[in-house]
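Q: Quick mapping for you: the protein sequence lines, in order, are chains L and X. Residue numbering for the first sequence follows numbering that gives the first Met the number 0, starting at 0 and increasing by one per position. Residue numbering for the second sequence follows numbering that gives the first Met the number 0, starting at 0 and increasing by one per position.
It cannot be assumed that every hint is accurate.
Said to hold, decoys possible - With a straight-line cut-off of 25 Å between C-alpha atoms, the simulated SDA-like cross-links for lysine to any residue are:
1) Lys86(X) x Lys28(L)
2) Lys86(X) x Leu35(L)
3) Lys86(X) x Ala115(X)
4) Lys86(L) x Ala115(X)
5) Lys28(L) x Trp61(X)
6) Lys86(X) x Gly89(L)
7) Lys28(L) x Gly38(L)
Unchecked claim - Stretch-level coverage of chain L by chain X, calculated; a stretch enters the list once three of its residues show a Cβ under 8 Å from a Cβ in chain X:
8) 7–16
9) 20–32
10) 176–184
11) 235–241
No lab work stands behind these hints, which were simulated from the structure alone. Bear in mind that the values here come from a model prediction, so they are computed numbers and not experimental data. Cβ coordinates follow ideal geometry from the N, Cα and C atoms, glycine included.
Single-letter residue listing:
Number of protein chains: 2
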Amino acid sequence: MGNVAFEHRLVINPDQRQGDQIILTPGQKHYLYHVLRLGPGAQILLMDGQGQAWLSVLYPAWAEILGPYTPQGELPVAVTLMIAIPKGNGLEEVLRQATELGVRYVSPVVSERTIARPSPGRQERWQRLVQETAQQCERSYVPTLGAPVSWSVALTQLPAQTPAYLCTPRIAGPLLLDLLIAEVSRPELPPALIIAVGPEGGWTPAETDQAQAAGFRLASLGGRILRTVTAPLAALALVAAVLEGGGGARRPRG
Amino acid sequence: MGNVAFEHRLVINPDQRQGDQIILTPGQKHYLYHVLRLGPGAQILLMDGQGQAWLSVLYPAWAEILGPYTPQGELPVAVTLMIAIPKGNGLEEVLRQATELGVRYVSPVVSERTIARPSPGRQERWQRLVQETAQQCERSYVPTLGAPVSWSVALTQLPAQTPAYLCTPRIAGPLLLDLLIAEVSRPELPPALIIAVGPEGGWTPAETDQAQAAGFRLASLGGRILRTVTAPLAALALVAAVLEGGGGARRPRG
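Please model the complete structure; the sequences and the hints are all you need to start from.
A: Here is the structure:
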């Protein structure tokens, strides 16, 4: 599925822009000229990671903007994934696939049954992985990665009026697909949407109650037993398909 | 999401059954008594990998069937995944997640742009991985794994009258979700359904033409660039959700 419009992409900091010139950092020059072995005159796609992208041409120390570029892959709604940190390297797999599937914000949470206790160094590694993946799949937003917080703290930080779905194992309640289609069929798309996926042992009943009190709806991913690393991708695949107008929901704006 | 009804599950060969007794092989006894550290009297779920499962109790050299068990996770339609073999260990990741998502048959294919040239030893490793995953997620079918064949040979082996979808990158044609909902909304569910996902560089135009001539419909997974390991999971998540009655398609039979 690797039909990529640009072979080379780079995320820059908005500070680097001076008019139509993007002043390259030593690290970026090393990456472009030594790792990718590009030369002056090569065309690359520059992205600010916050929704803007430019087709650019390389000069020895800067890149010159040729024009704006509109990537086609962004969803019309900012999707947040709240995920109980999986065991081992599970979160890395989730971050990579969630970034591909269009997530805009990932909030790793520590729930009662979460076994993983990530070291602080992990956060930096995760952030790098998200940025690399966003670059590779030509996202115009680099997903924002929150610092791990407890489930109860995470619940106090939810934005108001945002549809939020707590994925439940097996069939226990309405299907996520149906809830999403109903939401997207309303006259106005919500600006954001939240999907939460529990740990290996599931949410505790108290955590589920807390979530419902905070406005979450229970949503089933169907009758199969999914690992913590697979459940968020199944959920995000449905979110993306419905937000792009599938399932009879109206086509998204813009 | 690990809400598993049985903590211990084992796939057996139908030959091992004698009346209500399942004669355990030396390898199974080692696994149950030394790896899992179970003792006689422990209850386990036995599965024949072909759709039947039994709640059983352990004796030193055999397991006694207590009664049949109906897993809830099987889809009402046998889903085949045809996948161009991804680079590196990509197929392992796909096999694990596809098994979780309910696939019944996986056919690895070698397309023109497939880089991977798997060694014969791989097939055995893949088969073991599929069986382990099916056990872990309590599938009553162990997905069948075909031997790698070329795309053109694979196309000559398609069962007749089976809805078949060739996943395409970006939005180039109708959305897979909409095609699936239309198919499942017909008066009769098809007995089987095929999803095909291409290699890192995509199908060649000739391969796409061949597939369409063989009855495949082009189906979009949306506007994002998905890796070869992510695209099949996105597709299978949609298949499972629709086959379970999501998206306004009628509830499946049985």
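Q: It remains to establish, for every hint, whether it holds in the given structure.
A: Hint check results:
1. Lys86(X) x Lys28(L): violated, 29 Å
2. Lys86(X) x Leu35(L): holds, 20 Å
3. Lys86(X) x Ala115(X): holds, 5 Å
4. Lys86(L) x Ala115(X): violated, 29 Å
5. Lys28(L) x Trp61(X): violated, 66 Å
6. Lys86(X) x Gly89(L): Roughly 20 Å between the alpha carbons, so the hint for Lys86(X) and Gly89(L) holds.
7. Lys28(L) x Gly38(L): It holds: about 10 Å lies between the C-alpha atoms, which stays within 25 Å.
8. 7–16: violated (count 0)
9. 20–32: violated (count 0)
10. 176–184: It holds: at least three residues are needed, and the segment 176–184 of chain L offers 3 whose Cβ sits within less than 8 Å of chain X.
11. 235–241: Contact hint for the segment 235–241 of chain L vs chain X: holds, 5 residues under 8 Å.
The structure is inconsistent with the numbered hints 1, 4, 5, 8, 9, although it conforms to all the rest.
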